[in-house]
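Colleague: Letter by letter, the chains look like this.
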Amino acid sequence: MAYITLDGVSKQYGSVWAVDRVTMAIEKHEFVSLLGPSGSGKTTLLRIIAGLETPTQGRVLIDGEDVTHLPPHRRGVAMVFQEFLLFPHRTVYENLAFPLRMLKLPKGEIEERVEWVLGILALRGLEKRYPNQLSGGQQQRVALGRGLVGRPKVLLLDEPLANLDRELRQEMEVEIRKHQTALGIPFIYVTHNQEEALSMSDRIAVVRGGRIEDFAARTDIYDRPKTAFIAQFVGRSNRFEGLAAAAGDTTTLRGEGIVIEAPHHPGLPAGSRAAAYVKNEKIRLKPATPGDAPAANALAATIRHVILRGAYAEYVLGWAGGEIVASRPRSEAEFSAGTDVVAFWDKSDVDLFSATGEP
Amino acid sequence: MKARLAPALFLGLPTAFLVALFVLPLLSMLVLSVWRTESYHIIREFNLGNYHVLATEGAYMTFLVRSLVMASVVSLICTALAWPIAYAIILYGGRYRLLLTLGFAVPFLTGEVLRIIALQGLLGPIGLLNGVLMALGAAPLRVIMYTNVASAIGLVYLYLPIVVTVIYLSLLNFDQRLIDAAKIFGASPARAFIEVTWPLNLFGTLIGFALCFIPCLSATLAPRFLGGPNGTLYGMAMAQQFGESGTWALGAAMGVVLFAVSVLLVVIVARLVDLRRTGFTGFGRG
Amino acid sequence: MRVKPGKIALLSIVVLTYLFLYLPILHIGLASFARNSIFPYPPKWTLDTMQRLFASSLYQTALGNSLIIGFASATIATALAGLATIGLMRHAGRRAPLYLALFIAPLFIAEVLLGISSLIFNGLFLGLQGNMVSAVLANVVHCFSYALLIIATQLYRYDWRLDDAAMVFGASPARTFFEVTLPLVWPGLLGAFIVTFIMAFNNLEISFYLLGATPTLPSAAWGALRYGVKPELYALATCVNLVVFLLLGIMFVLMMTGLVTFGHRPERERSAV
Chain A
678 MAYITLDGVS KQYGSVWAVD RVTMAIEKHE FVSLLGPSGS GKTTLLRIIA GLETPTQGRV
738 LIDGEDVTHL PPHRRGVAMV FQEFLLFPHR TVYENLAFPL RMLKLPKGEI EERVEWVLGI
798 LALRGLEKRY PNQLSGGQQQ RVALGRGLVG RPKVLLLDEP LANLDRELRQ EMEVEIRKHQ
858 TALGIPFIYV THNQEEALSM SDRIAVVRGG RIEDFAARTD IYDRPKTAFI AQFVGRSNRF
918 EGLAAAAGDT TTLRGEGIVI EAPHHPGLPA GSRAAAYVKN EKIRLKPATP GDAPAANALA
978 ATIRHVILRG AYAEYVLGWA GGEIVASRPR SEAEFSAGTD VVAFWDKSDV DLFSATGEP
Chain B
176 MKARLAPALF LGLPTAFLVA LFVLPLLSML VLSVWRTESY HIIREFNLGN YHVLATEGAY
236 MTFLVRSLVM ASVVSLICTA LAWPIAYAII LYGGRYRLLL TLGFAVPFLT GEVLRIIALQ
296 GLLGPIGLLN GVLMALGAAP LRVIMYTNVA SAIGLVYLYL PIVVTVIYLS LLNFDQRLID
356 AAKIFGASPA RAFIEVTWPL NLFGTLIGFA LCFIPCLSAT LAPRFLGGPN GTLYGMAMAQ
416 QFGESGTWAL GAAMGVVLFA VSVLLVVIVA RLVDLRRTGF TGFGRG
Chain C
3 MRVKPGKIAL LSIVVLTYLF LYLPILHIGL ASFARNSIFP YPPKWTLDTM QRLFASSLYQ
63 TALGNSLIIG FASATIATAL AGLATIGLMR HAGRRAPLYL ALFIAPLFIA EVLLGISSLI
123 FNGLFLGLQG NMVSAVLANV VHCFSYALLI IATQLYRYDW RLDDAAMVFG ASPARTFFEV
183 TLPLVWPGLL GAFIVTFIMA FNNLEISFYL LGATPTLPSA AWGALRYGVK PELYALATCV
243 NLVVFLLLGI MFVLMMTGLV TFGHRPERER SAV
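Chains as they are written, first to last, in the working numbering: chain A, 678 to 1036; chain B, 176 to 461; chain C, 3 to 275.
Everything labelled a hint here was simulated from the structure, so no lab data went into it.
No residue lacks a Cβ here, since even glycine has one placed at the ideal position from N, Cα and C.
Among the hints, a few may not be true.
[As the list claims (entries may be wrong)] Away from chain C, derived, C-beta distances all over 10 Å, residues of chain B: (1) 226; (2) 230; (3) 244; (4) 254; (5) 256; (6) 279; (7) 290; (8) 312; (9) 373; (10) 393; (11) 396; (12) 451.
[What the hints assert, rightly or not] Cβ-Cβ distance ranges computed for the label pairs, FRET-style: (13) B:447 with A:987: 32 to 40 Å; (14) C:180 with B:230: 40 to 48 Å; (15) C:173 with A:987: 56 to 64 Å; (16) C:10 with A:733: 18 to 26 Å; (17) A:812 with C:95: 30 to 38 Å; (18) A:812 with C:173: 34 to 42 Å; (19) B:266 with A:876: 38 to 46 Å; (20) B:183 with C:259: 33 to 41 Å; (21) C:164 with A:860: 43 to 51 Å; (22) A:1014 with C:175: 23 to 31 Å.
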């Protein structure tokens, strides 16, 4: 039996199903991200686990106990909020001691545990400050510390890094993951930022329209997207459209001015509309030579812009069907704007999906 | 030069106005309180006779104590009523919140005299309450009208709206999600109220309390038209010095006493309450 | 849906309070349009009381005086409070708490004390007889603090960088004020004007001591009330109530259309995220 189980959980607001029949099992020691665009229902799902919302249908089990109708304060969970929600009338020390006081721990143990959290989060010296006297990063640490100090059964994190700047965010990503590993409790992390989800999680649940689109290891989510939505939402991809045709172990997509070959896709009848996704970093470039014959998984293009991203360069390419983006490591030969190139990729790097029913 | 002009206009003008028409009159009241009045004439000689009278003549002490008790009781009742009302409007008001709160402003804005008239309509000898009783064949009630209870009811009627409005605004600007945070970290609903909701709205509650207490302490109309023979309050007695009795200097001394008590209350509250502990983060742009 | 006892208790307190506040108002409202004014259930309709009220020259003069006091006090108080609010937010710097303390101090002084102290100052130290100007100015003191709070809650969210932006693009300070600041703050000013107008119009305890024999509506009512309640007083109170309802109705519309907030926040989005 999994440590945390969601069993057919649904939540209805008026006539809208914000969460729609979600079933998932999360193991202890796991770091799970709920990744989805805003409005996808991921925060509602988190609030249902926390007990701040009661599901319209379905059950929530934590550590073998059905907590569906338990109020939040009896669930033994903790949460880190996007807006931090530190108690403004309490010092850092008192904010950190709050969960322990609610657990009615003896004073000595409260002091010990707060000291421990102050230590692991590098908050020493700030104990007597009030939240509004702290920087954003410090507030974030206190919020995280308040989540960890009570050793909860599960820590829920609701876009905790959304209000931090990029550098601080990357620093915190490492730190959050470090604490999760050290504590050995599950973290459920809500975010719309794929980089955060990919950098920290063991498994990622992609949420869309209140449903779980896929729940799988992060490498699977990234490398083998199960749906077109995931292919589009996770990673940066180029999309091509056309009509499918199957032959042997290959499914071929013919679009305007392009032929794409992909591994066999059983769900695409011949002649049906399909979309192919190729990730930016899978697209390779070589200089165009006179007499290049059109080939599958290749297209002739001109470099329009070059964007330097430090370790790699992003090339915006113009081709007959529009624009695509290729990102290449700086260690490779570089091209300058205006150069004619051939962009090409491997058959195994193409993700093919049905496009019927799409507008 | 230009840079100095703006503060002088924006801050200097209101400050000068308040000094001239608020501070100076209060000071002149203080000065008059140490003069004396003899047969409608004011003798400009320093003496503390007025304060001596106020301290020794039992009636004035009685009025003061009665006023303090009355103001305390009324303010407590108002605060105790205002909390659930404001909370209910926040929780269940939905899109009628605004209407419900403005509804409280109407009686507040119609002025004291008119509300006393309305209260006479409710409690008076020919008012609604007695009308109902007589229509039911019962004897008209005489115990409520012209007693301290009637005064208290009148004062609650007069000042409940402002207390509700102040506490409502405090609750409205209080981030309810902090309650969620408290619950997540193990606080029961009651505990979350004690730990978070109450301290973070204490400042607003005290302001509401003070805005009820201070006018109640100096109330002149309600005790006069609703209270009975044993209902004389300090403010009413003070007003009489400027009317029928013509003893202005004594009245000024009473005014100073009322002013001092009001200031004392504000100071005590300010001392008792650590603003930091109420989540107060300062004035300005925020 | 479970019925929560807490909810029922809270809501019944609200309902009872509204009854308490509005029963008297409704009662005298009926009484002022009824021949059987003592117990108008059911009312025998008549306009006699209203006609007597409107025919009374005392009340006509009083109404005129009250209107003058209301308009003048509200105008001055709103203008001063507008200045003071901007001064507090832009120019006070670290002295803001001091200025704020002075500006809201009148809130914590009972009206009757304001009236009496102004009477002493005018009568004894300036040698002034009762007059409208003194009454207006004393009312302004009291209204000023309320206006300040109302305008402040509205301006609190005003982004002063807009001013800087306008000036960067070459607008003069005066031009900035009329083209950028005023359009954004006028609802607050209007709200302050409405509220302070009603307050000064209905004020008794400040005006009374500074006006001598000049009647205002509240003081005329007060004078009549000393000889017991008459149906005309019900009618008078009802008329004023109706006007207040109307003015607050305007405020309500302003607030509903989102032009003004006065500290009201739009309903927080339910977490459908």
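Colleague: Beyond 10 Å on every Cβ pair: is that true for residue 290 of chain B relative to chain C?
Modeller: violated, 8 Å
Colleague: A range of 38 to 46 Å was offered for this pair. Does it hold for the Cβ distance of residue 266 of chain B and residue 876 of chain A?
Modeller: Holds, since residue 266 of chain B and residue 876 of chain A (Cβ atoms, about 41 Å apart) stay within the stated range.
Colleague: Does the Cβ-Cβ separation between residue 180 of chain C and residue 230 of chain B fall within 40 to 48 Å?
Modeller: violated, 58 Å
Colleague: Does residue 230 of chain B sit more than 10 Å from chain C, CB to CB?
Modeller: holds, 20 Å
Colleague: According to the definition I'm using, a residue is off the interface if its beta carbon is farther than 10 Å from all beta carbons of the partner; does residue 256 of chain B meet that for chain C?
Modeller: violated, 6 Å
Colleague: The output says residue 451 of chain B does not contact chain C. Does that hold with a beta carbon cutoff of 10 Å?
Modeller: holds, 14 Å
Colleague: Beyond 10 Å on every Cβ pair: is that true for residue 226 of chain B relative to chain C?
Modeller: Consistent with the label, residue 226 of chain B stays out of reach of chain C, its closest Cβ about 16 Å off (over 10 Å).
Colleague: Given a hinted range of 43 to 51 Å, is it respected by the beta-carbon distance of residue 164 of chain C and residue 860 of chain A?
Modeller: With Cβ atoms ~47 Å apart, the hint holds.
Colleague: Holds or violated: is the Cβ of residue 254 of chain B farther than 10 Å from all Cβ atoms of chain C?
Modeller: holds, 13 Å
Colleague: Do the beta carbons of residue 10 of chain C and residue 733 of chain A sit within 18 to 26 Å of each other?
Modeller: Once the Cβ atoms are compared, 24 Å apart, the range 18 to 26 Å for residue 733 of chain A and residue 10 of chain C holds.
Colleague: CB of residue 812 of chain A to CB of residue 95 of chain C, is that within 30 to 38 Å?
Modeller: violated, 23 Å
Colleague: Is it the case that residue 396 of chain B keeps its Cβ farther than 10 Å from each residue Cβ in chain C?
Modeller: Given a closest Cβ separation of 7 Å, the condition is violated.
Violation of the numbered hints given earlier is confined to hints 5, 6, 7, 10, 11, 13, 14, 15, 17, 22; the remaining hints are satisfied by the structure.
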